[in-house]
Each structure stands twice: as structure tokens, then as C-alpha cells.
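Since the structure of chain A is provided, determine the placement of chain B on it from the hints.
2 protein chains.
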Amino acid sequence: MYSLDELSRMTETGIGELEFPARPERLYRPVRYTLESGGKRVRPLLTLASCLLFTDRAEKALPAAMGIEVFHNFTLLHDDIMDRAELRRGRPTVHSRWNDNVAILSGDAMVVCAYDLISRSEPDKLAPILRVFNALALGVCEGQQYDMDFEETEGVTVERYIEMIRLKTSVMVGGAARIGAIAGSAPQREEERLYDFGVNLGLAFQLQDDVLDTYGDEKTFGKQIGGDIVTNKKTFLLIRALELAKGGTKNYLQRLLSGKEQKTREGKIAAVRAVYDAVGVRELAEREIERYFDRAETLLGEVEVPEARKGPMREIMHLLVKRNK
Amino acid sequence: MYSLDELSRMTETGIGELEFPARPERLYRPVRYTLESGGKRVRPLLTLASCLLFTDRAEKALPAAMGIEVFHNFTLLHDDIMDRAELRRGRPTVHSRWNDNVAILSGDAMVVCAYDLISRSEPDKLAPILRVFNALALGVCEGQQYDMDFEETEGVTVERYIEMIRLKTSVMVGGAARIGAIAGSAPQREEERLYDFGVNLGLAFQLQDDVLDTYGDEKTFGKQIGGDIVTNKKTFLLIRALELAKGGTKNYLQRLLSGKEQKTREGKIAAVRAVYDAVGVRELAEREIERYFDRAETLLGEVEVPEARKGPMREIMHLLVKRNK
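Protein sequence lines correspond, in order, to chains A and B.
In our numbering, each number is its position in the first sequence, counted from 1, plus 31.
In our numbering, each number is its position in the second sequence, counted from 1, plus 31.
Isolated chain A, as found in the complex:
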């Protein structure tokens, strides 16, 4: 039986063995740069662990797992252009190290490389894997568009926010799990269960990411805290706080958002956080995270395979969510 360590080794070896042409250098060097920069490789691990539920040969899912990881990294690369992000995993983003055109085009090449990897799946699994992959890839684009739309939208509700993160983050997590199940020849109902499992896990992960952006420890979180507050990003915390705050508190929060209440960066972060604490939105968010996480656990529990096969998947769940506990 594989352990998570073995799946991790399989993933890192797989990434390391990806080959890209030497030229044109400004097309492929940014691709290698992006893939080398690490990350937790959670999505390919999910694909492999999902496959492992149904077969000892997790490597059956390896080409698709690599395709999913390359696609995920492509979305980061293009999102960083759109968000004008300067840093990613502690290094300059592709568009800031090279330029926008290099970032656009090397991202485009990564999508094709992702499909090329997916295409190496076993022929009898190719069509169903592609169907899931296409849907998750389009979901990510839709989620990113909603995310950008929300910047200019008043009155975004929690429901619409959850739908946005479902598309932007969770369908890829769900799709990664489902594709692993397909590669492992899982029955249809297990395939669907693993999709739902992944979607719930992805929602828990994204909500936790929101909480950590405001309340996390910079050392373990790996990026600067407070970015969401500084940019007035409409996260679960802010949307709920705007709904729940009353009277003077609501007024004060709105003055903080509009900049009428003059603050330094750190001052604004502390002040908004104080409002969040007063209104109790952190607890609300953590309750939602628990709810989605528990749902994912229940779904995994229902998968009709020996419990021993589920070990690596349970470890990945805890790698992805509750990482600061």
C-alpha cells in the first residue's frame, strides 16, 4: 500500500521529469520557473490518492495528475498578471520578472502542455477524464471572472461569494479527485462522491485561506497578512461583517473601507480586524470551514473501499485544511 510519502515522491519525480524544449527560451523558461517554484502539490496528490482508493497502481493517474498541476500553475501565472501581483511563493511573478507578453504566452503554452499530459492517460479513460478536466478548467476561468467582477460590484452576497470560490477553487479540487477515481476505474457513484468530497474540501480550504489572510501567522501562512483587508477584498469575513454590523460599528467599517477613516496599512488591518472580532465573523467562518470539512470527511467515509486505503487521502485533507493547528 502506498503512503502519502510515496505519493509525494511520485509527484515530485513526475514534476521533475517533465520536459520542455530549450527554445524559444522566453517561452519555456518561464514555464520551468513557475513549476520549479514549488507549492504543496495538493491537487496532483489528491488525484493520486483518489486513484489509490481503487487500485494499487496509483501511477495510472500520474499523467493526469501532472496535467492538473501544470494547469493549476498556469492559472496562478495568468491570475498574477490580472491581479498585478509582484510576488508568488517568495519569488518575482513571471510578468514582473519578464513582462506581460511573456507571461501571457508562456501561460498559454502551459495550458497546451497540461492537455498534452492529460492526453497521455490510458486511451479508454481519456474521454471521461477530458470531460471532467474541461469542466474544471472552464470553472476556474468563470470563477476568476466573477472574482474580478466582484471588485466593481456592490452588495455581493455570501451565496454569490461561495459560488465564486466554488468555481475558482473547489471545482478544480473536486475535479482532481474525480479524475483520480476515473483513472483508478472507480464505479460511477464513487467517482461522483469523490467529486463532491473534493468540492467540499476545496470550499473549506478557500474559506480557511480567507481567515488566514486576516488572522494567520505570516511564518506558517507564507505570505503577508492583511492583503485582503488592505484591498477591501470581498471575502466571507467582509461580506458577513457588512451584513451583521449595526449602527456605529457598520458606519465605522464603511469609513475604513472608503478611506475616510485615515489609517496606516497596519492601522487599517488592526481596525478592520477589531470590527470582525466585535461582530464575530471569524467564528462564523470557522463554523463554515468545519461544516464543509466534516461534509468532505463524511463523503470519504462513505466511499466503499477498505478503510486502510483511505489513509493518504485523510492525510491530504489535513495538509490542505487546518494547516495552522
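Derived, one-sided and incomplete: chain A residues facing chain B with beta-carbon distance under 8 Å: (1) 58; (2) 135; (3) 142; (4) 150; (5) 158; (6) 172; (7) 180.
These are calculated hints, taken from the structure and not from any lab test.
Because the structure is a prediction, the values reported are computed rather than measured.
Even for Gly, the Cβ is constructed at its ideal location relative to N, Cα and C.
Coordinates of chain B only, in the frame set by chain A:
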């Protein structure tokens, strides 16, 4: 037997029936806008005509033909961002009508939609079609990168230029023909022959496009003449002229390129064209076009199917090249 008219109707109906979700509006409206803006639909026609060489049921290639057309339009959309082009087919480009982020993301969605269409090919043809499609898609990215690299490169040779246009334009034309052959269950050697046919046809087309940009009739060419000269674009004409011009002529050409020889837009176009005429590069280009076109014709002639089946393909050849004659 299908005629070209019938293939054209099949193509336009296929494009018209493509469905995209209504929302997010800023993701899918630019996709529809791009696909509605027309163009000659040469690539899907090639795919269908190629399929028709081997089967009466050209519609077997329709999903892949649509995927190729959507992918082609994606490349135009992203190239227009990179080239800062304001107009395409007489209408504002997506990035100028909306903005760069909308153009990046709706282009990304188009790639996924293209693969989604390709994925609807018959299951036993899916893997080989994807293999060809992935290669042509990566070729286009490589060609675009070389094209941008050449803007900053001194001493680009004709050989490197031909390799660039082969990647940027011709492998897609060759791939379109090859995919049609695969969908039509052609024998392997015919599949390869149709690829070579398309590559040669694509080279003839691109070189002719260079000639028309300098010598064409604006009405039939459909865009402003002289753009390549104004931007010092390293086309076949300019590269060969720099090689062949001697003494004072070469000096004058270099002064025109560097801007030391002050001219209006029209003045520069006329002056560079005069150098081209003096050196005889137009004839050289037309000889190359003939050479590639003749090679394509020979290859089509060698395809071992009844001559009557080749009618639509011959018409497409003349639609694509020699369109001003």
C-alpha cells in the same frame, strides 16, 4: 459528393450552433464577439475537405474543425493583446473594446472551449487527434514567441524567418488538414501527406500575406497596406532586401529603417517599396510562394483517392493563396 459550398454551410452552421453560457457575461461575450466577427474559416474548411477525401461523411470531422477554428480565434485574440492591435476584421479588438484582463481570460476560456470541441471527436480517433492538435497548438505559441523575439534580434536570416512562420501559421494549417484525415480514417501515409500539404500551403499563404501587406490592394486585402514597412517588421521582403542590397541602396534602406531618412508614413512605404523593386525581392517572394504552392499541389495530387474527391480542397487552396489574382 459535397461541394465547397456545402462545406462552407456546414462550417457556418457549426459556428452558429456553438453555445456558450450567458454568464459571467464579461467572460463569454468577448468569446462570441470574436467568433462572430467572421474571417474566411479556412482552417475548419480544410479539416472538412480533408476528411471528405476519405469518407462522404465530412461531418465526422466537424467537432475537431470547430475546435481548430475556436483555437485559431483564440490565438488572434491573445496576439492582439501582445501586438497592441486596435482593430481586427474592421472591429475593435477585445482588449481595446473591453480591457487586457478580459482579453486574457476570455482567450483562456476559448482554449478550453476548443479542447472541449476536440474532445467530442469519435472516441477511437480522440487520442491521435489530440496528439496532432497539441503539437499544432504548441507550435503556434513557439512561432508567436519567435515573432516577438525577432523584433529585438539583429540579423534574422530567411531560414529562421521561414521556421518562425512555419510554426506560427503553417503547422496549424497542416494540423487542420491532418486532423481531417484522421477523422476520415485515412491511412497513416495519407495523414502525413496531408500534413505536409497543409504546411506547404500555409507557407505559401503566409509569404503571400507578406507580399500583400506591401503590394496588395487595400480593398481586397481588407487591411491597411504598408503596416509591415512602417513597423520595420522583419518579413521575407525586408530580410532578403537587406541581404541583397549593396552600397548606396543598402545604406539608404538602413537609413529608412532607422528613421534617419525622415519620411511621412506614405513616404517611407513608397521609398522602401522602391528599394524592394530595385532589388527584386517581390519576384523572389512570388517565386517562393509558387514553389510552396506547387509542392502542396503535388502532394494533394499524390493522395490516393479518386480525383473527384479533391475538388473542394483545390478550391480552398485557391481561396487561401492567389486570392488577388
